[in-house]
Amino acid sequence: MPSISLTLNGRSVSGEVETKTLLVDYIRENQKLTGTHVGCDTSQCGSCVVHVDGKSVKSCTMLAVQVDGSEVTTIEGLATGEELHPMQEAFRQNHGLQCGFCTPGMVMSAVDLVAGNPDISETEIREGLEGNICRCTGYHNIVKSVQAGAKAMGG
Amino acid sequence: MQNFDYHKPNSVDEAVANMQASDDGKFLAGGMTMLPTMKQGLAAPEDLIDLHGIDGIAGVAEGADAIEIGAMTSHSVVASSALIQSDLPALAALAESIGDRQVRARGTLGGSISNNDPAADYPAALVALGATVKTNTREIPAEDFFVEMFETALAEDEIVTSVSFPLVEKAAYAKFPNPASRYAMVGVFVAKNADGVRVAVTGAGPSVFRASAMESALDGDFSSSALDGVAVSADDLNSDIHASPEYRAHLVGVMAKRAVDACG
Numbered sequence: 001m002p003s004i005s006l007t008l009n010g011r012s013v014s015g016e017v018e019t020k021t022l023l024v025d026y027i028r029e030n031q032k033l034t035g036t037h038v039g040c041d042t043s044q045c046g047s048c049v050v051h052v053d054g055k056s057v058k059s060c061t062m063l064a065v066q067v068d069g070s071e072v073t074t075i076e077g078l079a080t081g082e083e084l085h086p087m088q089e090a091f092r093q094n095h096g097l098q099c100g101f102c103t104p105g106m107v108m109s110a111v112d113l114v115a116g117n118p119d120i121s122e123t124e125i126r127e128g129l130e131g132n133i134c135r136c137t138g139y140h141n142i143v144k145s146v147q148a149g150a151k152a153m154g155g
Numbered sequence: 001m002q003n004f005d006y007h008k009p010n011s012v013d014e015a016v017a018n019m020q021a022s023d024d025g026k027f028l029a030g031g032m033t034m035l036p037t038m039k040q041g042l043a044a045p046e047d048l049i050d051l052h053g054i055d056g057i058a059g060v061a062e063g064a065d066a067i068e069i070g071a072m073t074s075h076s077v078v079a080s081s082a083l084i085q086s087d088l089p090a091l092a093a094l095a096e097s098i099g100d101r102q103v104r105a106r107g108t109l110g111g112s113i114s115n116n117d118p119a120a121d122y123p124a125a126l127v128a129l130g131a132t133v134k135t136n137t138r139e140i141p142a143e144d145f146f147v148e149m150f151e152t153a154l155a156e157d158e159i160v161t162s163v164s165f166p167l168v169e170k171a172a173y174a175k176f177p178n179p180a181s182r183y184a185m186v187g188v189f190v191a192k193n194a195d196g197v198r199v200a201v202t203g204a205g206p207s208v209f210r211a212s213a214m215e216s217a218l219d220g221d222f223s224s225s226a227l228d229g230v231a232v233s234a235d236d237l238n239s240d241i242h243a244s245p246e247y248r249a250h251l252v253g254v255m256a257k258r259a260v261d262a263c264g
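Sequence order for the protein chains is A and B. Residue 82 in this note's numbering sits at position 82 of the first sequence; the count goes up by one each step and never skips. Residue 56 in this note's numbering sits at position 56 of the second sequence; the count goes up by one each step and never skips.
Hints were generated in silico from the structure; no laboratory data involved. Check before you lean on any hint, since a few could be wrong.
Claimed, not checked - Not the full set, but computed from the structure, chain B residues with beta-carbon under 7 Å of chain A:
no.: 1; residue: 1
no.: 2; residue: 3
no.: 3; residue: 4
no.: 4; residue: 6
no.: 5; residue: 9
no.: 6; residue: 26
no.: 7; residue: 35
no.: 8; residue: 100
no.: 9; residue: 101
no.: 10; residue: 102
To be verified - Covered by chain B, per the in silico footprint, the following chain A stretches (three or more residues, Cβ under 8 Å):
no.: 11; stretch: 9-15
no.: 12; stretch: 79-93
Just so you know, even glycine gets a beta-carbon here, dropped at the ideal spot from N, CA and C.
Excised from the complex, chain A in its bound form (with noise of 0.2 Å):
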């Protein structure tokens, strides 16, 4: 079985792993970061992404062996300490989910979507959010949230 280490969420990890093994299975299962979701294990719904060397990717549909000597963040790596990311505390106070499945997908590909670009309109933002899926239909206020989480984080 081949080794891989990698830094998740800022703490350097490493360890064996089998080649079929997906990142998202990786980060649940071995490491046991149950905030990624799997939902559709398609590359469709999105309720997977993390983010790779900084860039938001689905890790249902990508290799654990893949990220050896990356950098890979998820939801649980966004927050400092009991402070929330400016993206998450944005989606809390603009009510931006309902059951909350699809949220930590959201929130990863929000932060990498307004980085840079405290201004995004709400276009740009329902185009970025093409990849991810919410089943209760909440897009309303995501795209609310992920407005004001731009604004919060300053670019």
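Put chain B on the given structure of chain A with help from the hints.
What follows is chain B alone, placed relative to chain A:
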């Protein structure tokens, strides 16, 4: 998914050697089709050869009257390249229309064309622009590269290294996306240069094709009204749950007009 031996070669030569040493190997580019295919059990390679570690086959470079894009260049890099946005904006817009932000961050030009999905966007651009596909062994004109549904001119151990896109006077791509996947139900790329007009259609048939009747009409009069009455046959077009061949034939006409209008 079954386990496999994972290889991450540092050079094209090493990747080719990995493939030649395997009874049943597959190259892995962005993985946006390869990994779902493996997850569904439709492919179960013994060896997976990841091309991400190879230097020199990603990036955008300006050539003489052409833009050369490395095979491992992601769709997001093509979409946001200042050079492509300025000199070949239709190609940047095409790349921006693929999948979603996360798919564009991983998916690559070389992976897309090597897969030759009948609903992929890039094949239309390559054929309409008269691009040249460069591999580790040769150069292949785009029209000879795309052979059939999911089939290209590539040998088993051949790797696309870059694609050279000639610059043209005008070009535009119009696509009717499947609303769920954003794959092209029909996509039409129109390119105009001194030699004439080329119209390439993806999504409609088993593989990309040129609409020669449309090209002739546009050679005489480069306006969308020149396409009035130029019918596209539904024979041999794709039929699936999303659209009938007749509907796709109709969409080819509509998308071609939109592309011509977008050329300005």
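* Could you check the structure against the hints above and give me the numbers of any it violates, in ascending order? => Hints 5, 6, 11 and 12 not satisfied by this model.
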